[in-house]
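Full structure from sequences and hints, please.
Residue numbers (this note's numbering), protein chains in the order written: chain H, 155 to 555; chain B, 111 to 454; chain A, -19 to 76.
Calculated directly from the structure, the hints in this document are not laboratory data. Accuracy of the hints is not assured; some may be wrong.
As the list claims (entries may be wrong) - Quick list of in silico lysine to aspartate or glutamate cross-link-like pairs, DMTMM-like style, CA-CA up to 20 Å:
hint, chain 1, residue 1, chain 2, residue 2
1, H, K492, H, D466
2, H, K416, A, E37
3, A, K(-12), A, D14
4, H, K278, B, E256
So you can see what is in the structure, the chains are spelled out below.
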Amino acid sequence: MEPPMTSHNGGVAELKFRDPARARSLADALTRVVGDIDRSPVSIMHVCGSHEQAIARFGLRATLPRSLNVIMGPGCPVCITDVPEVDEGVVLARQGVRIATYGDMLKVPGTSLSLADAQAEGAKIDVVYSVAHAIELAKQIDEPLVFFATGFETTAVATAAAILRNPPPNFYVLSAHKYIPPVMEIVAEMPDTRVEGFLAAGHAATITGWGVFEPFVARHRLPVVVAGFEPLDILAGLVRLAELIRDGRPAVENMFPRCVTKDGNLRAQEQLWRVFRPIGGRWRGIAHVPNGNLRLRDEFSHLDARKRFDIDLHTLWDFAPAALAQECICGDIMAGIKSPHDCALFGKACVPHSPVGACMVSSEGTCKIWYQYGGHPDLGSVGRTLSGPSEGISDRGYCAR
Amino acid sequence: MATVLDERITLRYGAGGQAMRALIRDVLTDGLVREEESGAIGLAAMDDGAALRIGNQWLVVTTDSHVIQPAFFPGGDIGRLAVSGAVNDLAVMGATDVLALTCAVIIEEGFARDDLVRIQRSIRQACDESGAAILTGDTKVMGKGELDGIVLNTTGIALTDRVVPDAGLRVGDVVIVTGTIADHGMAVMARRHGLALDADLKSDVAPINSLIRVALDSAPGAVVAMKDPTRGGVASALHEMAEKSRVGIVVDEQAVPVADTVRAAAELLGIDPLHVANEGKALLGVRPEAVDAVLMALRMHPRGRDAVTIGRCVGERIGSVVLDTGFGRRLVTEPDGELLPRIC
Amino acid sequence: MCLGVPGKVVSVDGSIAVVDFWGVRKQICLDVVDQPVAPGDYILNHVGYAIRRIPAEEIGATLALYEELLRHPPEEDDLMAADVRSEIDGAADDQP
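Structure follows, in structure tokens:
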């Protein structure tokens, strides 16, 4: 019996949700539906860095209709982790406390220094792939280990699960987790927003369920479609969203039924909210998001790095914040109001190896993605005068081993 | 254009990408570049090696230092890497018949003798495979903590009638890769980061001079550019070739050969296989009329069975590498610094 | 949110499963998944935790859902619709 997600040729390449032929059909359908909408451009927003990554990685923008504007909103967890939070991690590290962090956060600049900078100065920083890995590490050492907990609710669930299962006494959590639904409200209410619909993140919805968007839709009369991350998932999600916009139907639709249900994963939610409480907080560039930050409940204050350690942010004041930071418009970019090309620093003073704003640091940051993948270049015609690159290719395609 | 702005050299500068090139160009070679006679390849070219005219032949010279951690990894070790690295650098300049290698070792105090013996056996084995001989070397020991285990440096020299540079691509030329990519880097990364990936990931580290030889002989003059995609992966190597040759390159992502386990491991860690180092593969730029002959010759060789065309040179987007994903198109990015597993 | 690559469960030992992602095996924690997981199941992994068991029948359902999207072309596009349908039929041939 074949694994159901691959065709009989096997292999990752044959994943049904990456079938180029179906993708082309869906792209054509999208062009048709968008063409039926009597406005141009039609703007929709997604709020997930992974959606932007997938769109960029698969080069999907080259196949989207020109009149469809797919904006990346504040969905990059690294980018919206605010400066004071990064500073907290940096200060702790420079105080000699050992920090475990996801790789994504390592190079994000705080006021002036990133964890990587601290590491270059001798701080002990461990890059982990999972909070479970950090727990294992804590068990092997005597000194305190602070887990710099970043990411949205999907990632916060893992942190919660780890906290609830008797972590070793030297394990602490510095929580910078975020919760996405509140920020969609903020974007929908921004006066400059022209967003007509939202593509919601499939994995976060796996946890929260799609029902969580119903009040939003009722309030703002904007459709929301939950989509997965494979090329077919994204294209199908966009087609459905375009249809809802065309038909003027504000509704929530689930285009990721293999993973998302209306109520979501209750077991995960229960653990999440047992450990964390939502509080209002700053998101980098967006200022205040009510209920957008997740902090440890009092019951877990024995693990809370903020309670255990005296994090003196004043020690960073010797490092003058870059004057360039004043000119950074990451906030507007993350809100979808401006694009990287609108930024005077983009590609000049702000580049991946010397970033000013977080959007340029994270692999899911709009600016980083645009810089690396070349913005939205018109690549469709490159090389077309030659016969296609597949001429002379072996009939092997991928080589299975 | 990246320039060296940092006051302190960070790990990024050793990672094989733009930063490293900037460091070499702006700092290390400053004031050392001299005018080379026609056809000679010197410092300015920043090629895999140098080429000097000797009579009616070219003497090709390359040098490499090896600092890999861990010293032993699935599929090989630092010894095999040291020999293969030098042999392959010579080979991708067209010099497949190695005259001699040197090998210098710097050993950290406390390094296990048995490990040293294992490494030496690997060196011998790789020399046998490549037909290269080590003629001289150097030995140093440094105090505990002053060095990370062991460092090897190899220099290789060879003679050739024809040097194949990085920079010889023209519009219409085809890019061939000699086999599956990202094997080495993924095997090492999985081991190094203790990522608890139980998988059959093995480095491809091997000398490929005989493989290159059959390609060159199959279509004399038609292999016009070569590079081995080590640090920085196929992405960096293609960027360099495109920049130096002043062409654009369009790559067909669906054609790029990646072993399933390697692709799965890369996917899990959020890493692009095009960014990952290879130590037993080469990229060949070939005149279109000779592609079939070159592919056939490569595939008949045990190390070239999976050789395949992956791209074409075009006259637009000079210096860029465009990826046709099958779903759309985008630019190929270059890794910026050390590859880190990412969750998002 | 990110990197939720589906993997196939090879073995389960309490709250840890060994999951196979096309030849790469990882230990995945089952502490937050809301259904019992058994060898042969597919799970969605996020940062080393299974967040969902993916029922095999759902995959077909999702594909069918996507195909539905392609059955609503307006009348004047019949030629294209015919093209599109034949592409789907062609792709459907490689279902197991």
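Now the hints, each set against the structure:
With a CA separation close to 35 Å, the supplied pair H:K492 and H:D466 exceeds the 20 Å bound. This hinted pair checks out: H:K416 and A:E37 have alpha carbons roughly 18 Å apart, not beyond 20 Å. A hinted pair counts as satisfied when its Cα atoms are at most 20 Å apart, and A:K(-12) with A:D14 qualifies at roughly 17 Å. Simply put, H:K278 and B:E256 have alpha-carbon atoms about 19 Å apart, close enough for the 20 Å limit, and the pair holds.
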